[in-house]
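> Model the placement of chain B on the given structure of chain A, informed by the hints.
Number of protein chains: 2
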Amino acid sequence: MTDVETRAVHIRPATDDDWPALWPMLRDNAAAAETYTWDPHIDESAARALWMKQPPGRTVVAVDSDGTVVGSAYTRPNQDGPGAHVANASFLVDPKQSGRGVARALCAHVLDQAKTDGYRAMQFNAVVETNVRAVALWQSFGFETLATVPEAFQHPVHGYVGLRIMYRRL
Amino acid sequence: MTDVETRAVHIRPATDDDWPALWPMLRDNAAAAETYTWDPHIDESAARALWMKQPPGRTVVAVDSDGTVVGSAYTRPNQDGPGAHVANASFLVDPKQSGRGVARALCAHVLDQAKTDGYRAMQFNAVVETNVRAVALWQSFGFETLATVPEAFQHPVHGYVGLRIMYRRL
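Residue numbers (the numbering used here), protein chains in the order written: chain A, 10 to 179; chain B, 10 to 179.
Read the hints as simulated data drawn from the structure, not as lab findings.
Which copy? The list can't say, so a pair holds if one copy fits it or any two copies do.
Only pairs whose alpha carbons sit at most 20 Å apart, straight line, appear in this in silico EDC-like list of lysine to aspartate or glutamate:
#1 K124 <-> D89
#2 K62 <-> D26
#3 K105 <-> D27
#4 K105 <-> D75
#5 K124 <-> E160
#6 K105 <-> D37
#7 K105 <-> D73
#8 K62 <-> D89
#9 K62 <-> D48
#10 K62 <-> D27
#11 K105 <-> E43
#12 K62 <-> D121
Chain A on its own, in the form it takes in the complex:
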C-alpha cells in the first residue's frame, strides 16, 4: 500500500469553517451529474442548505492529519414524524483522495452514529446503478437493494439508468 492509502482520516462534526472546502466538491459533483440527483447548476446557498444539516441532522467531515478536509457525510431522518426512525445519509469525497478509503471510513462512522442516535435502519433513496464502486461499498456494509427504480436517472454517458433504493437495519 502507498502512503496515500494508509494515511488515516479523522472524522469530526462539520463547522461553518469547513464549507469553503466542501462547496467545490459538491459543486463539481453536481455539475458532473453522474452520481447524485442534484441540480447541476445548484448555487452555493442552496448547496449549503442541502449539505450543512441542522439537528436532528448531522454533517461530519473527514480530515487528514494536516487538517485538510478530504470528504464529508450527512445523516438525517429519511422521513418526518412516524417515519423519522429510519436514517438517510449522503457522502462526498474529494476526487483527488479517491481510493484511500475515505468513503468507507465515513460510512462506518455514520452507521455507528446513526445507531447511537436511535435510528433503527438506514435507507439510501437514489444510488445510481452505474456508480458500481458506491454500490459495492454499501453492499460491503450490509446494505441490500430493496428495488431499482427503472430509468430514474438520466446519466450524461449511459442515458436513462436505474436508481437503487438500498437499506440496512442498524
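Leaving out everything else, chain B in the frame of chain A:
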C-alpha cells in the same frame, strides 16, 4: 348512488386563498399520524411550505359546485437534476368528503398533468401499507409496488409497519 357520491368535483390550481381550507386538513392528517410521514406537530408555516409548491411543482384543489375545497394534491420532481423526470405526488381529502371519489379525481388529474408536463413516470416514496384504501386506489391506476421498506412507519395503532414505494410509467 347518493347525491354526495354523484356530485362532481372541479380541479383547478390552488391559490393563496385556498390555504385556510387546506391547513386544517393537513394539520389533522399530520396529527393523526396514520397515513403520512409528516411531523404530527407541524406548524402552519412549515405546512404551507410543504403543501403549496413553487414551480416546477404544482398544487391543485378539488372544489365542489359551490366552491368548497374538498381536497388537494401536489406534484413535483421526485428528485432534482438528473432525476427530475420522475414525478412525485401527494393527496389530501377532507375526511367529511371521503368515499365520493375525490382522491380518484385528483389522481386522474395529476397523472394527466404530469404526463403533459413531460415527466416519464410517477413515484410514491412512502405509502403506509395499512392505508389499504390508498394502496388499492393507486393500484387501480396502474401503480405497482417496487418494494416495501420494512417497519419504516410507526403507526399509532399497528406499531411498526412498512412503507410501500409505488411506481408507474406515464
